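Student: Top line first, the protein sequences correspond to chains A and B.
Every position in the first sequence, counted from 1, becomes a number in the numbering used here once 35 is added.
Every position in the second sequence, counted from 1, becomes a number in the numbering used here once 179 is added.
Please keep in mind that the hints were generated in silico from the structure rather than gathered at the bench.
Keep in mind that a hint or two might mislead.
To be verified - Listed next, the in silico DSS-like pairs over lysine-lysine satisfying Cα-Cα at most 27 Å (straight line):
{"#": "1", "chain 1": "B", "residue 1": "Lys-609", "chain 2": "B", "residue 2": "Lys-453"}
{"#": "2", "chain 1": "B", "residue 1": "Lys-238", "chain 2": "A", "residue 2": "Lys-220"}
{"#": "3", "chain 1": "A", "residue 1": "Lys-220", "chain 2": "B", "residue 2": "Lys-622"}
{"#": "4", "chain 1": "B", "residue 1": "Lys-650", "chain 2": "A", "residue 2": "Lys-220"}
{"#": "5", "chain 1": "B", "residue 1": "Lys-648", "chain 2": "A", "residue 2": "Lys-239"}
{"#": "6", "chain 1": "A", "residue 1": "Lys-133", "chain 2": "A", "residue 2": "Lys-155"}
{"#": "7", "chain 1": "A", "residue 1": "Lys-133", "chain 2": "B", "residue 2": "Lys-622"}
{"#": "8", "chain 1": "B", "residue 1": "Lys-622", "chain 2": "B", "residue 2": "Lys-250"}
{"#": "9", "chain 1": "B", "residue 1": "Lys-462", "chain 2": "A", "residue 2": "Lys-155"}
{"#": "10", "chain 1": "B", "residue 1": "Lys-462", "chain 2": "B", "residue 2": "Lys-186"}
{"#": "11", "chain 1": "B", "residue 1": "Lys-650", "chain 2": "B", "residue 2": "Lys-572"}
{"#": "12", "chain 1": "B", "residue 1": "Lys-248", "chain 2": "A", "residue 2": "Lys-133"}
{"#": "13", "chain 1": "B", "residue 1": "Lys-629", "chain 2": "B", "residue 2": "Lys-538"}
{"#": "14", "chain 1": "B", "residue 1": "Lys-609", "chain 2": "B", "residue 2": "Lys-483"}
Source: prediction; values computed, not measured.
What follows is each chain in one-letter form.
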Amino acid sequence: MSIDLSRRDFLLRAGSGISAVWLSTHWPAVLDAATHARQAAKSTAAPRFTFFTPEEAAEIEAITSRIIPSDDTPGAREAGVVFFIDKALGTFAADSQKAYREGLPEVQTRIREMFPNLKKFSAASSAQQDEVLSSLDESSGNTPQRNFRRGASANSFFETVRFHTIVAFLIDPESGGNRNGVGWKLIGREPDHMFQPPFGYYDKDYAGWQPNPADSEKTKA
Amino acid sequence: MSLDLPKYKTSDEVDFVVVGSGAAGGIIAKELSTNGFRVVVLEQGPYLTESDFSHDEMKVLGEDLLTNKPKLQPTSFRKTPNEKAKPQRALVYGRCVGGTSVHFTANFWRFHEIDFIERSKVGAIPGADLRDWPITYADLEPYYTKVEWEIGVSGLAGASPFDPPRSKPYPMPPLPVKGSGVIFERAARKLGWHPFPAPMAILSQPRPGRSACINCGFCLAFGCEVGAKSSSLVAAIRVAEKTSRCEIRPNSYVHRIELDNRGRVMGAAYFDEKRNVHVQKAKAVVVCANGAETPRLLLLSANKQFPNGLANSSGVVGKYLMLNSGGVATGVFEHPLNDYKGFAVSRLVHDFYELDHEKVGFYGGGGMDARFDQTPIGFAMGGLPPGSPRWGKGFKDTLANNFTRTMELFGHGTSLPVESNSFSLDPDLKDAWGLPALCLTYKDHPDDIKLSNWLSQRAMELLDAAGAKQKWAPTIGEQQFAVHLLGTCRMGTDPKTSVINPDHQTHDVKNLFLCDGSSLVTSGRGQPTMTIEALAFRAADRITALAKRGDLA
């Protein structure tokens, strides 16, 4: 299924669920928004960086590729994570520019400290890269925070890159990240804009609501 | 749209200014304008509509598209009044036309009879000032029915043996069951509980201009792109505008209620988008700014006659804040539920609504729902089992397996009204307009913590009965972040211990009314919006009667 068309598909298939009044009122605006989103998504696919130099981009891509590695399924690289981060640093994540400007050189320093014959992160082996990132991951072992708005304090560069990698990998593809929807495909999130029940394994044989057994009196715990 | 929308001049004395356009403000504006009054709604947030909403988690959550802006509106927190509060993100509320009803979960439980008379039933509780409401469930019942029919609630009457009496069935059937609902229903029955289809303010059948729910999966925290979620925006504001007597004025931040020399309200002062100050004149003002901003506005409006804050002769404005207690547990199952599809909740139980406090050893009660309300990024950041890898292959594999196989149980419970729990003005911290910021002071009553733990144990018990492959419950800690904002200008007949009378009129100022979460006397069982909306319908009736009698002049 094409991600580009998911929003239009949703509208075309919506006949049963959406009233004609709603469609006639909102069609132009929604179509306009969908067109805009598709163009935005296309434009980010062109590999031009606005914040990173090509050299920096290669280093960032190497880091993000250890956070969500590529194996028999696509990872950060295939999702175009570095392009989304580059764009984000000029927009909603502008506050993090400093973290990248100061953090990336520190990573390069760290790799030279740990592996004196290496000059940059991207030149290291996967195992070496993981060793470096482990040394930067101060909060490993912490219980995950439920709400990412509060959880992602992004104090350190590594936390910032980890958060941005996850965002870029799993955001709605219409927002310009999660290229070709590979992130959603990995986690099993279908790209459609509307769904019909049954939704999964457990509700597919549900026989319908049956009243609760009658009780002579209301139970109390 | 070719509606004839009025534009009132600020010098034109309208009948009512309504501050805030959320769950309460939207309904009050609809009712008053339908009853023939000229109304201006001043909303601090922007006027967004369906085409502005999106599934972009960074825009909606990361940039606070629909909610208060921490950068412009900083807040502080402390546990007790003796401490110096520290700047900290302390609350979230809807900041757009429609308010919090635009992004809420839409669980629409009625309060039960007990919620209004609990003090009489359980007696005094040390460390709290639990009180009966001056109105009863029977007084509010017709208005609950009004919410269900006029705003749009789906559900199944009679499905829960614990339900209070009702005068009419729901106007439409419940939403479809989700995988989490089926798992929950089967396990709850094993345990002898009484699961039932969730009453939700989401359409299961289309209404004029609004689609039925299309199960898109971006529900809690997001605005509905098809008008299926019964927000004030789609279900009340649009009706108000059709009267041609109601002007919605967005980007209008009210910071002071103005009095005339007789001590009567004469209008509301606000900043427009360019931060110019205007005063909209009105015969009466109804403040529906939510349980944090309503008391703040009264405190900001202190004057010679009311040095401690407007309508605050009692001194209780901002106090007795209740956030609701709760316990959560998460389970991972063998097969995909795909519970990301659809709205959040399809099944719940009210078996614990009224716990026998002598048996369990604490006061309180609650309900419990089965849900999945996490979006992909949020899930990756916080939805994996404790101790899961945070990056690398292990992280990726867990994410790939768990997203479709995870569900949550959410126990929602009472909070006790404690005087020191409050919203007040921070003495130092200022917002972007130079006004004192909100300070949250909160320490859960020990009974609320006990109830939360109890609910969390029941949730684990259910996951056990359901055969979850993996289950966990976060440790219950003291709350320091506010979502439900209740009780801060509570209703009562005694002007010494309450702020508004049963007509929502402030005891101190005849033509000033308050209606929102701040009006609540008790917290209910964790789903307050239905009651806030029923109160709003009732308040509009009362205010209309008073105005028609000439009692506000």
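Student: Against the structure, test the hints numbered earlier, and report the numbers of the ones violated in rising order.
Tutor: 3, 7, 9
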